[in-house]
Amino acid sequence: MGRIVLEQVTKSFGETQVIPPLDLTIEDGEFAVFVGPSGCGKSTLLRLIAGLEDTTSGKVIIDGEDVTQVSPSKRGLAMVFQTYALYPHMTVRKNIAFPMRMAGIPEDEQNKKIAAAAESLNLTDYLDRKPGQLSGGQRQRVAIGRAIVRDPSAFLFDEPLSNLDAALRVGMRLEISEMHERMKTTMIYVTHDQVEAMTMANKIVVLQAGNIEQVGSPLDLYREPRNLFVAGFIGSPKMNFIEGDEAAKHGAHTIGIRPEHIEVSSDAGTWSGVVGVSEHLGSDTFFHVHDTGLAETITVRAGGEVSFKHGDRIHLTPRQDVIHKFGPDGLRL
Amino acid sequence: MAIVAQTSRAGRISRATFAWIVALIFFFPIFWMVLTSFKTDADAVKPEFLFFFTPTLENYLNMTENYDYWRFATNSVITSVFATLFTLAVGIPCAYAMAFNPSRATKDVLMWMLSTKMLPAAAVLYPMTFLTKNFLGIYDTHFLLIIVLSLINLPIVVWMLFTYFKEIPKEIIEAGKMDGVNTWGEVKEILIPLAWGGIASTALLCFIFCWNEAYWTVRLTTTEAATLSKLIEGNRAPEGLFFGRLSAVSAAAVGPIVVLGWFCQKQLVQGLTFGAVK
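As you go down the protein sequences, you meet chains U and R in turn. Per this note's numbering, residue 620 is the first one in the first sequence, and the count goes up by one each step. Per this note's numbering, residue 586 is the first one in the second sequence, and the count goes up by one each step.
Note that these hints are calculated values from the structure, not bench results. Honestly, I wouldn't trust all of these hints.
[Unchecked claim] For lysine-lysine, the following DSBU-like pairs were computed, each having C-alpha atoms within a straight-line distance of at most 30 Å:
1. U/K713 / R/K718
2. R/K773 / R/K755
3. U/K732 / U/K693
4. U/K678 / U/K693
5. U/K731 / R/K751
6. U/K731 / U/K803
7. R/K692 / R/K718
8. U/K857 / U/K928
9. R/K631 / R/K692
10. U/K749 / R/K851
11. R/K718 / U/K693
12. R/K851 / U/K732
13. U/K803 / U/K693
14. U/K713 / R/K751
15. R/K773 / U/K693
16. U/K713 / U/K732
17. R/K773 / U/K713
18. U/K944 / U/K868
19. R/K751 / R/K631
20. R/K751 / R/K773
21. R/K755 / U/K732
22. R/K755 / U/K749
23. U/K693 / R/K751
24. R/K751 / R/K702
25. R/K718 / U/K749
26. U/K678 / U/K803
27. R/K851 / R/K755
28. U/K857 / U/K868
29. U/K713 / U/K678
30. R/K692 / R/K773
31. U/K713 / U/K693
32. U/K749 / R/K751
33. R/K755 / U/K678
[To be verified] Quick partial rundown of chain U residues pointing at chain R, CB under 10 Å, derived from the structure:
34. G633
35. A766
36. K944
37. P947
Glycine residues also receive a C-beta, built at the ideal position from the N, C-alpha and C atoms.
Here chain U stands alone, though its shape is the one from the complex (with noise of 0.2 Å):
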């Protein structure tokens, strides 16, 4: 079990608001990712369920009982850290073990347990060396490890893909999926990359100045934002933003279409504009149209076999039923 339950929780550093009260649920085996540009707070509400930081007031409640006042060892959550947080005194096999031996578990049951968790994560042939001898993905999967064998009601995970290299973060990100898929068991992860959240999340939680700015699925939040900023936070590239006559018309005071929802013309549609830059990734190129009298630059994204030179006047036509249109004070109309 690893029902979290956070009641108008704050947290001050001095005279620092930095977590105006807040709720939030988070269901037992839930895959929960607390997402926001850096200095949102997602990391002090990560350490705020973990016991490392104090609440200023509020309840922080797993699984119907209020651990506010109860030291991080006991509230039974397990925690891997951005900096892997490694013992370097000790061999993988010891701090693999090092939970369980403070939790006086028999030394035959660790065995088997660190065997099973070194197995999964292929540690197997590393168990005898010490973490300064690893690579970055490996001490991640050492930390990972460590956190299994506690067997926790609640798995923590503080921006721990941020320091691998990009073609192992997309592999370990598959892979803590995949141990959510087979564990069952309550994750809160906390990221500043919009990807891992979209691709890892069961329930995305997004955060700005340590308010909640919406709470929903991935898809939720990618086809109904709350507002401006979760509209230009989720989703990549990032939603077109367009003001005045051409919101106007819709009714709006801002309307935002994704890059992916403008058809590209060479010859016909609804805006044109001047190709300045072209990305292209393969799969995919994106478009950075200038001169659209719209928005400085509108951004689209095309198939990987379109081609537009720079300097190319082009058309471009949004799909009208996935406009999103808003208020002047930012949220969804």
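Assemble the complex: chain U is given as a structure, and chain R must be docked to it using the hints.
For chain R alone, coordinates are given in the frame of chain U:
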């Protein structure tokens, strides 16, 4: 090219020469003291016998037979070892708390600790002697010396340990908390193994400071707890100058610490350069 190479070579030689001269100037008093310790008191004051004399062990034999060198040495060992242990026992938790759970007052506390070193020892000489002799009845005991030596060294020990502990990533301690260790477990399982080098060099320096301390050890003891510093002081005979004897006692007092320092050079350098070694 050639000129540059020549200049830098000349520079290297002159730097080396300079370093040697400085080292020799520093070393000479010790060398002189050791030489003098092998001279009779009569020879010791004659300049013509500075380097050439008939060596004698008389001073050393005299010292062990008449002055009970071993008793003083034992007292030095007891007070230094226990003062060092006590200082670490207080200093490690103190530095740990300030390094990993700093409050707004931490910086001020550290500065205040250091400021106690600015108090002239002589200023509290009278109250210290009076209180320990007339009220507490602990004058001239190992207990008193251990407490005094510990208090003298505590600020520098806390500062050094604090610097070492600061180098340990906070996340490792936090990982320990998540893994279920209590505070004592954090110190024993994580902090001490990780900061072992730093703790060892701090302990070594503290031991050396305790061993060499003379102001209080001379003034707060008579016979029972008197250390080697007191033995040297005692041989500074008012009735005449017994340079040979004094030198032998001094050499025998600094000998053990020089040997210890020699063996632990690496640790010591690390300790003295503070956080520079990561």
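Please verify whether U/K713 and U/K732 have alpha carbons no more than 30 Å apart.
12 Å, holds
Take the C-alpha atoms of R/K755 and U/K732, compute the straight-line distance between them, and say whether it is at most 30 Å.
28 Å, holds
Quick check on the hint: U/P947 CB to chain R CB, less than 10 Å?
43 Å, violated
Would the hint linking U/K749 and R/K751 be met if the CA-CA limit is 30 Å?
Answer holds: U/K749 to R/K751 is near 22 Å, not above 30 Å.
Sort out whether U/K732 lies within 30 Å of R/K851, counting only the CA atoms.
At roughly 41 Å apart (the allowed maximum being 30 Å), U/K732 and R/K851 break the hint.
If you draw a straight line from the CA of U/K803 to the CA of U/K693, is it 30 Å or shorter?
21 Å, holds
Sort out whether R/K773 lies within 30 Å of R/K751, counting only the CA atoms.
At roughly 17 Å apart (the allowed maximum being 30 Å), R/K773 and R/K751 satisfy the hint.
Given U/A766 was flagged as interface, is its beta-carbon under 10 Å from a beta-carbon of chain R?
8 Å, holds
Restraint status (C-alpha distance of R/K751 to R/K702 at most 30 Å):
22 Å, holds
Hinted pair, alpha-carbon criterion (30 Å max): R/K718, U/K693. Please report holds or violated.
51 Å, violated
Hinted pair, alpha-carbon criterion (30 Å max): U/K713, R/K718. Please report holds or violated.
Given pair U/K713, R/K718 is violated - Cα atoms ~54 Å apart, limit 30 Å.
Given hint R/K718 paired with R/K692 - CA-CA distance at most 30 Å
Roughly 37 Å separates the two Cα atoms, so the pair is violated.
Of the numbered hints given earlier, the model fails hints 1, 5, 7, 9, 11, 12, 19, 25, 29, 36, 37; all others are met.
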